[in-house]
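With our numbering applied, the sequence shown covers 1 to 344.
Quick caveat, the hints were computed from the structure, so don't treat them as lab data.
Once the Cα atoms are required to be at most 25 Å apart in a straight line, the calculated SDA-like pairs of lysine to any residue come out as:
1) Lys-75 x Pro-59
2) Lys-32 x Asp-43
3) Lys-98 x Pro-231
4) Lys-75 x Ser-143
5) Lys-75 x Gln-216
6) Lys-75 x His-271
7) Lys-75 x Tyr-274
8) Lys-98 x Pro-169
9) Lys-144 x Ser-201
10) Lys-33 x Ser-83
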Amino acid sequence: MRLALPLIILVSLPLHADGLQWRGVWEWSLPKKTEADLVCIADSAQALGFNALMMYPPPALIGFMRDQCHQRGIKLYYSTVFSYSKPEWAQVILPEEKERAAQALPEDYMYGGRPVQRGEVFTSRLPCYNRPEAREYFRQMVSKFAQLPVDGLAFDAAGFQNYRRCYCPVCQAQVAAYLRAYPGTTDRYAGDVVAERTLVSFINDMAAVARRTNPQLDLTIHIYPWFSPHPYYGHETDIDVVGQTVSWFFRPHWSLERVQSLTEQLVNDQHRCYRDHCAAPFIGFDARQQRNYRSSRRIHQELQIIKQSGAQALHVAELGYLLHKPLIAQAVAEELGGSYRANR
Numbered sequence: 001m002r003l004a005l006p007l008i009i010l011v012s013l014p015l016h017a018d019g020l021q022w023r024g025v026w027e028w029s030l031p032k033k034t035e036a037d038l039v040c041i042a043d044s045a046q047a048l049g050f051n052a053l054m055m056y057p058p059p060a061l062i063g064f065m066r067d068q069c070h071q072r073g074i075k076l077y078y079s080t081v082f083s084y085s086k087p088e089w090a091q092v093i094l095p096e097e098k099e100r101a102a103q104a105l106p107e108d109y110m111y112g113g114r115p116v117q118r119g120e121v122f123t124s125r126l127p128c129y130n131r132p133e134a135r136e137y138f139r140q141m142v143s144k145f146a147q148l149p150v151d152g153l154a155f156d157a158a159g160f161q162n163y164r165r166c167y168c169p170v171c172q173a174q175v176a177a178y179l180r181a182y183p184g185t186t187d188r189y190a191g192d193v194v195a196e197r198t199l200v201s202f203i204n205d206m207a208a209v210a211r212r213t214n215p216q217l218d219l220t221i222h223i224y225p226w227f228s229p230h231p232y233y234g235h236e237t238d239i240d241v242v243g244q245t246v247s248w249f250f251r252p253h254w255s256l257e258r259v260q261s262l263t264e265q266l267v268n269d270q271h272r273c274y275r276d277h278c279a280a281p282f283i284g285f286d287a288r289q290q291r292n293y294r295s296s297r298r299i300h301q302e303l304q305i306i307k308q309s310g311a312q313a314l315h316v317a318e319l320g321y322l323l324h325k326p327l328i329a330q331a332v333a334e335e336l337g338g339s340y341r342a343n344r
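Make the full structure from the sequences, and use the hints.
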């Protein structure tokens with residue numbers, strides 16, 4: 001879906017983003033077929049106050065986009081998703097979960113965010129990250145991407161279709177081994193432990209591949225989709241900047257109290273496993289449906305909470321949808337020290 005974008009007006013104002021040294025925005029909805037398209041994206045990210053851009057430019061224009069970003073003080077991260085799956089690699093879910101996945105989406109479906117309805121299932125089929133052939137496929141993919149002329153990779157979409165675990169033979173064997181090692185443990189608890197270990201080990205495996213291929217590469221990730229047993233496990237991953245959701249796209253929107261408590265939790269936990277780990281609270285904004293819309297005042301408040309928390313990094317999604325709501329774009333620019341002003 002292409003969006004009709006408003007005129008960008010640039011002005012010079014002494015605005016600052018406080019301690020947010022790394023300010024990243026995801027892009028996935030804007031036109032990007034031509035050099036002119038990419039210049040518009042780079043200009044827009046800069047005008048909103050971002051200094052990191054996560055996207056997938058056309059292969060032939062990646063070097064051009066990197067240069068455009070660097071001219072504007074922006075790092076370019078290549079979007080790297082782990083949702084591809086050959087049928088034989090697919091996660092195995094329970095029959096009742098498979099039945100729910102085939103039904104029409106409820107109005108408040110969360111698209112991989114924290115479920116509202118009990119028993120919600122992610123409609124996208126995901127691979128089992130324990131399967132050796134799936135891991136090898138993604139190792140090759142990450143190694144290839146790590147050789148691109150970009151500053152970093154932006155990992156995304158590593159999780160479970162039922163938000164909890166996989167029931168394939170490989171995962172079930174690991175659960176059985178855990179139960180033998182810890183007699184008296186419930187199958188549910190063992191499954192949760194194995195599932196979390198699977199996600200963390202997979203992400204860290206991909207990070208190691210990227211760094212072996214290109215030691216200068218920066219890595220960021222959005223922890224997604226929702227992992228019900230332990231949603232905020234990102235500090236366990238060996239990633240430079242870890243985005244974790246504190247404000248999701250869709251209604252019912254999370255309370256400001258929840259935004260604040262989650263942000264503080266992420267900042268407090270960020271060095272528990274890795275000294276150089278940097279937590280990036282993630283704010284999602286989607287302009288396509290009325291139920292997704294949050295006011296500019298609310299966006300101001302969410303960004304102020306993050307700035308006041310002591311966080312040094314931030315994830316926001318998505319650039320095209322921000323620009324589609326000029327007052328929202330202006331709110332972001334005002335909080336992040338950008339120059340965008342809505343053309344009223």
